[in-house]
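**Q** Now for the letters of each chain:
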Amino acid sequence: MGEIATACQHFAAYVKEFGFDSFSVVHAFFSACVTKEARRRKALSCLCYTCGGSGPQLYSCLHCIYFGCKGQHILDHLKTSKHVIALELCYGMIYCNSCKDFIYDQQCQAIAEKHLRKEARNLNKSVSWRPWIPSQVEMNLLRQHPKRRHVTPCSSIGLRGLLNLGSTCFMNCIVQALIHTPLLRDYFLSERHECSIKSSINCLVCEVSRLFQEFYSGARGPLSLHRLLHLIWNHARHLAGYEQQDAHEFFMATLDVLHRHCENSQNNESDKNSIAQKTETSNTQCNCIIDQIFTGGLQSDVVCQKCQGVSTTIDPFWDISLDLGEAQPGGGPPKSLIDCLERFTRAEHLGSNVKIKCSNCESYQESTKQLSMRTLPIVASFHLKRFERISLINKKISTFISFPSELDMTPFMSQKKDNHGDYRYSLYAVVNHVGTLDKGHYTAYVRHQKDIWVKCDDDIITTATIKQVLDSEGYLLFYHKKVLEYE
Amino acid sequence: MTLTKSVDQVTILKGDRSKLKDLLRSRLIECGWRDEVRLLCHNTIKEKGFNLTVEQIVQDVTPKARARVPDSLKKELLMKIKSSLAAQEGIEL
Numbered sequence: 001m002g003e004i005a006t007a008c009q010h011f012a013a014y015v016k017e018f019g020f021d022s023f024s025v026v027h028a029f030f031s032a033c034v035t036k037e038a039r040r041r042k043a044l045s046c047l048c049y050t051c052g053g054s055g056p057q058l059y060s061c062l063h064c065i066y067f068g069c070k071g072q073h074i075l076d077h078l079k080t081s082k083h084v085i086a087l088e089l090c091y092g093m094i095y096c097n098s099c100k101d102f103i104y105d106q107q108c109q110a111i112a113e114k115h116l117r118k119e120a121r122n123l124n125k126s127v128s129w130r131p132w133i134p135s136q137v138e139m140n141l142l143r144q145h146p147k148r149r150h151v152t153p154c155s156s157i158g159l160r161g162l163l164n165l166g167s168t169c170f171m172n173c174i175v176q177a178l179i180h181t182p183l184l185r186d187y188f189l190s191e192r193h194e195c196s197i198k199s200s201i202n203c204l205v206c207e208v209s210r211l212f213q214e215f216y217s218g219a220r221g222p223l224s225l226h227r228l229l230h231l232i233w234n235h236a237r238h239l240a241g242y243e244q245q246d247a248h249e250f251f252m253a254t255l256d257v258l259h260r261h262c263e264n265s266q267n268n269e270s271d272k273n274s275i276a277q278k279t280e281t282s283n284t285q286c287n288c289i290i291d292q293i294f295t296g297g298l299q300s301d302v303v304c305q306k307c308q309g310v311s312t313t314i315d316p317f318w319d320i321s322l323d324l325g326e327a328q329p330g331g332g333p334p335k336s337l338i339d340c341l342e343r344f345t346r347a348e349h350l351g352s353n354v355k356i357k358c359s360n361c362e363s364y365q366e367s368t369k370q371l372s373m374r375t376l377p378i379v380a381s382f383h384l385k386r387f388e389r390i391s392l393i394n395k396k397i398s399t400f401i402s403f404p405s406e407l408d409m410t411p412f413m414s415q416k417k418d419n420h421g422d423y424r425y426s427l428y429a430v431v432n433h434v435g436t437l438d439k440g441h442y443t444a445y446v447r448h449q450k451d452i453w454v455k456c457d458d459d460i461i462t463t464a465t466i467k468q469v470l471d472s473e474g475y476l477l478f479y480h481k482k483v484l485e486y487e
Numbered sequence: 001m002t003l004t005k006s007v008d009q010v011t012i013l014k015g016d017r018s019k020l021k022d023l024l025r026s027r028l029i030e031c032g033w034r035d036e037v038r039l040l041c042h043n044t045i046k047e048k049g050f051n052l053t054v055e056q057i058v059q060d061v062t063p064k065a066r067a068r069v070p071d072s073l074k075k076e077l078l079m080k081i082k083s084s085l086a087a088q089e090g091i092e093l
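Those protein sequence lines, which keep their order, are chains A and B. Here full-length UniProt numbering is used: the first residue of the first sequence is 1, the next is one more, and so on. Here full-length UniProt numbering is used: the first residue of the second sequence is 1, the next is one more, and so on.
Treat the hints as calculated values from the structure; they're not laboratory data.
Take a look, some chain A residues computed to stay more than 10 Å from chain B by CB distance:
1) 210
2) 221
3) 365
4) 399
Derived DSS-like pairs: lysine-lysine, alpha-carbon spacing no greater than 25 Å straight-line:
5) A:36 <-> B:14
6) A:118 <-> B:19
7) A:481 <-> B:74
8) B:82 <-> A:416
9) A:125 <-> B:75
10) B:82 <-> A:125
11) A:481 <-> B:19
12) A:125 <-> B:19
Chain B side only, calculated, beta carbon under 10 Å to chain A, not exhaustive:
13) 21
14) 53
15) 72
The structure displayed is predicted, hence computed values, not measured ones. From the three backbone atoms N, C-alpha and C, an ideal C-beta is built for every residue, glycine too.
Kindly produce the complete structure, drawing on both the sequences and the hints.
**A** Put into structure tokens, the structure is as follows:
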């Protein structure tokens, strides 16, 4: 490609004689299908003139009206009619029969791009994957910064220690987990967050965006999170102060502030656009990056014991808190994450004291309640409730709870039958609490690259084995979905 | 009319074909298939010299590349095509 406008003299001669019209029309109708009418035409009449088949790969002659299957059918036509240029319809590539090869032409590529965008708009989808063509700005940037960094399995890029600013390990471990969330990393490193300069000093999303740049800058020294801490203090007042905080509480507060700040910048954007669009977006569910990654739906079914009528509600959740205490009658404490999840989704009798009005039989009845996962987030985070408060005394439960590196959530879904979804998850971060309640310390294990784990203990980063990770106590567990769905 | 031909027609008509192709492409990139095939092409060029046409590379690489498409992906796509056709006919799967 590159500097040459067209790679082949035969095509140049063709263009001189016929222009770009045939290419443009054939491409718009039979390769990109820019309208419904184009799709109709393609479906009904785009068949091989030799065998009548519909593909899989058809070529169209650009000299006359002729479709032919890849190979002998189109080649015979080009040979007998002495036509030279044909268009491959699957990918929209130009074929020159004199060169016996595909050729590139800048002008045709520009036309093709335009058609593909039009097709995407017509079908209400995003544009199909295109090879990256750097813009002028990007080319200049690449020229100005000739140093390239190659990421190898042993490279430490993306790892930074975090200074302890006085009992701030609760923040450091959560930040390490967030920074190592694959989809969040992709979002921030592709600079998708847009904020007005006025609000960006106060915007936590901008601060996290800056942090990602710091983590991936290639520098190795530890970072100080004072700006992040200050922002959290300002926006989540209950966490302000110098004492040790609960990492889980900090995680939830951080998600909440990030979510709110994403909304702010989205609203700013729609202010600039039309008001009609604003009302449209406010009606639909929040689509910010935090909700896209962390929000799932928890289904609660309350079943009336008299008429078996079911009343179902679905509530959004960002994480799942799991009880570790003794299960009621003789159940014994859970030993694994799976035990905890089974208990979480078990039907529970609400007791004879609690009578709920059944909407079906219109009377107050005893009922059972069962929770299940209606929809799962891309990141499933589990909070093992190790801190208990029984009659004013805080207690830590340090029992070992095993958790797997690969987790299948299918058994905990609401709809088990007729469910083709893939609900496999893999572990990518574990936050641990060591010590007692008042004198404790938080550390985090994070998956740095595939199968490479590191332990983050404030400013000290060391490599770890998966066994060490799975043998650790576990306070917060972060799992990432293995297969992402497309819409 | 053959089955393939009617499947082709229905999916093209509804515009699903283009979406299915996008899905297929994304999945092949995700599972590393594209990188593998790129490597196969690389090897073919190294082996046979630089004066190859695309057609020659395609001929050499296609059987190996086809064999490397994961079964789970074929299954997923088949499911998607089935439900697309069923939706067209108003049948519930």
